[in-house]
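Let's have the full structure, built from the sequences with the hints guiding it.
In the order they appear, the protein sequences are chains A and B. For reference, each letter of the first sequence is one residue, going 1 to 175 in this note's numbering. For reference, each letter of the second sequence is one residue, going 1 to 237 in this note's numbering.
Hints listed in this document are in silico derivations from the structure and should not be mistaken for laboratory results. None of these values were measured; they are calculated from a predicted model. Heads up, the beta-carbon is just placed ideally off N, CA and C, and yes, glycines get one too. None of the hints are false.
Lysine-lysine pairs mimicking DSSO-like chemistry, simulated, CA-CA at most 27 Å apart: (1) B/Lys222 / A/Lys5; (2) B/Lys201 / A/Lys143; (3) A/Lys143 / A/Lys5.
From the structure, some residues in chain A lie toward chain B, with a derived Cβ separation under 10 Å: (4) Ile6; (5) Leu85; (6) Phe136; (7) Trp162; (8) Leu164; (9) Asp165.
One letter stands for each residue in the lines below.
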Amino acid sequence: MIEHKIIFTGSVGAGKTTAIQSISEIPPVRTDVLSSDLTIGKDMTTVGLDYGEISLGETERLRLYGTPGQERFAFMWRILAQGALGVVILVDHTRPDPLLDLALYLDHFKALIRETACVVVISKMVESHSPLLEDFSEFMRQKQMVCPVIQADVRDREQVLWILDLLLVQMETRQ
Amino acid sequence: MHNNDLAADEISISYTSTCCSQHDLVLLRSVVALYGTQGHATWHFQRSWEVDVVVVGSEIAPAETAALLHSRIQSTQAVLWISDLPVSSDDYHVFRCKPPPRALHLAGQLKQIERFVRQLRARQAAPRFEQGGMPAVRIMLTQWPSPDFLSRDKDFLRMSTMLSARHMTLDELVMLSARPREKCRRFLLDLCREGYARPLKPEEELPPSRAQSSVPEKNGLKGLFGRIRASLGLFSA
Ligand SMILES: Nc1nc2c(ncn2[C@@H]2O[C@H](COP(=O)(O)OP(=O)(O)OP(=O)(O)O)[C@@H](O)[C@H]2O)c(=O)[nH]1
Ligand SMILES: [Mg+2]
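See the structure below:
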């Protein structure tokens, strides 16, 4: 079996589990538990990782991994990143400091972003509230990183496909 | 950490001030100092009119405005106008701030001004690029464009995505995007004019760009992307 992978990462509650659920062909393997941490502000959180897959024929498949959002699981991120085709960074716009959240993932996945493909997705976006989409891309410019920065609702399968399309366009262009 | 590689994109902005009250000055200096520590442009005060930005403070008298604007301020300068007095922004690049200025608003205006200066410099740096049709220089996307920019044409999102992955000449973009040459030309030109992209300098051409990825088994990848698209029901536009 030939295997490829794409990583979904990002802040707690940004929609990693949801995004993978939207497009996986198998019922996603979830490791969500009741969150014990009140600061997270949601009932369920992923402690291990999310896993979904898309088969590309009999002998080949695309694995979709969702990293656990909490930073205390950051050691897992590096392991997951190895050999990935690209990474989707989800940022929950309603959290206290979404730019700081983005910075964390840009930093941890720096090599993957530089060498492969990356799309930054702002979820739960409240349009008139700052930071605006432009603030996110300006923030990335300061870090000398540039990739698509879009707003999407990952509960909608079509929008997750759109994200993957942009990821693929980058991979194809870089060829 | 990333100080070294930031150098290429880091800009320095000079400013001077006139007719400022004590309060204007204290706030301005503090916000500028704070702003400079956040990885934005560095701002430095200059006792001269030859600057990027002229800050006009709340103590400007109505009688002074015309003289100030006509004899001191040039069309390429940004004006930070901390006054309720009217000023026409048709002839000048005016960024307004109601007195007494509020720190947050002021910081927002400084950001806008930085953007203006950046665009102005990009335009000044690229005259060759604009006049000569478009020579075979590679264009580098330096910032993901604003939603407003992307909404001007339905192809801009895809074209920007391509350019984010690889520095390209006009010819390469035409080929890879399969879009009309004039549209691609317009797109690259506007990106550069608005400060989202810039032509690569000749000395930057050599090092392998993001175009050369370290992903192995490159040859098989094209087929792989096709299979992923087919499985997802995604067809390249
Ligand atoms: N409005 C909105 N809600 C969303 C979106 N994506 C996910 N949600 C909701 O947000 C909640 C959290 O989503 P999850 O997919 O569990 O988030 P996660 O990133 O896996 O979170 P952790 O595993 O805790 O890191 C769920 O109730 C989703 O239905 C989105 O794009 N828009
Ligand atoms: Mg989860």
